[in-house]
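Visitor: For the record, the sequence lines run as chains A and B. So for the first sequence, our numbering puts the first residue at 21; every next one is plus one. So for the second sequence, our numbering puts the first residue at 21; every next one is plus one.
You can't tell identical chains apart in this list, so a pair holds if it fits in one copy or across any two.
Pairs of lysine-lysine, DSS-like flavour, derived with a Cα cap of 30 Å: (1) 47 x 75; (2) 135 x 161; (3) 24 x 152; (4) 93 x 160; (5) 24 x 158; (6) 93 x 47; (7) 88 x 65; (8) 75 x 160; (9) 117 x 24.
Worth flagging that the hints you see were computed from the coordinates, not collected in a lab.
This is what each chain is made of:
Protein chains: 2
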Amino acid sequence: MEKKTIDHLLRSTWQAIARMYNEEASKYDSTMATGFALLSIDPKKGTPSTALGPKMGMEATSLSRTLKSLEEKKLIERKPNPIDGRSVLIYLTDRGKVNRDASRVAVLKFNQAIKDEIGEESLENFHNTIEKINHLIKNKKIFSF
Amino acid sequence: MEKKTIDHLLRSTWQAIARMYNEEASKYDSTMATGFALLSIDPKKGTPSTALGPKMGMEATSLSRTLKSLEEKKLIERKPNPIDGRSVLIYLTDRGKVNRDASRVAVLKFNQAIKDEIGEESLENFHNTIEKINHLIKNKKIFSF
Chain A
21 MEKKTIDHLL
31 RSTWQAIARM
41 YNEEASKYDS
51 TMATGFALLS
61 IDPKKGTPST
71 ALGPKMGMEA
81 TSLSRTLKSL
91 EEKKLIERKP
101 NPIDGRSVLI
111 YLTDRGKVNR
121 DASRVAVLKF
131 NQAIKDEIGE
141 ESLENFHNTI
151 EKINHLIKNK
161 KIFSF
Chain B
21 MEKKTIDHLL
31 RSTWQAIARM
41 YNEEASKYDS
51 TMATGFALLS
61 IDPKKGTPST
71 ALGPKMGMEA
81 TSLSRTLKSL
91 EEKKLIERKP
101 NPIDGRSVLI
111 YLTDRGKVNR
121 DASRVAVLKF
131 NQAIKDEIGE
141 ESLENFHNTI
151 EKINHLIKNK
161 KIFSF
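Given the sequences, and given the hints that come with them, work out the whole structure.
Guide: Structure below.
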């Protein structure tokens, strides 16, 4: 059997992970996007709304939709930044903190299961390979020859 | 520095690849989704529209939007299936075939660059690791303990 291309493997594996996280989140009437957003917010100091997009790798429109839904579910609150009144800080509500912890446990469980299955050496190799792929992309050398 | 979780690495790497492909495709007034769709269509025998969704890992709504845009750009044609009149086959136009070849070259270039950089042994390890992760997800054991 011909081996699948690396981009295809990364895409289909990420999609499988997303399906798994969404399935698990749906048991709690939540979604993966919600869990990721909660994990990106500092539970103590809050997080500037402008920092969330880059942190989550999300476009402004999808992010604002996600934040609106989190606010409606009373998982977050928006407050003016005490240092810079023009910007907004996102804080977790108590309920948001509980859901954040649940998301954190799900992510840790999955990653621990992978670590247990793969072993230290292969995991190190996997990290190096991923790093090299990202390096290649950043250097933009692929399509210039 | 704390190591990033594996799901995070897969997500951000796939996003970096998607950005790179979209950037390259934009030089030809195209998108990554277009290129992937063209690559999923058999250039000789055509492909049933119903087979494309699962092949591309796309939801029916996004797929139908992509196919509509490909038809408008005169890259594909829909024809009734000669064997089963109720279903539809998607064929590439001559222009579609040229664009498919260009997409194929881009994918091959990127994957060859990775192979050259990473080496046979690490690549083998990478494939095994990805396979184990997918196996873990399929067995649905992660969240059952």
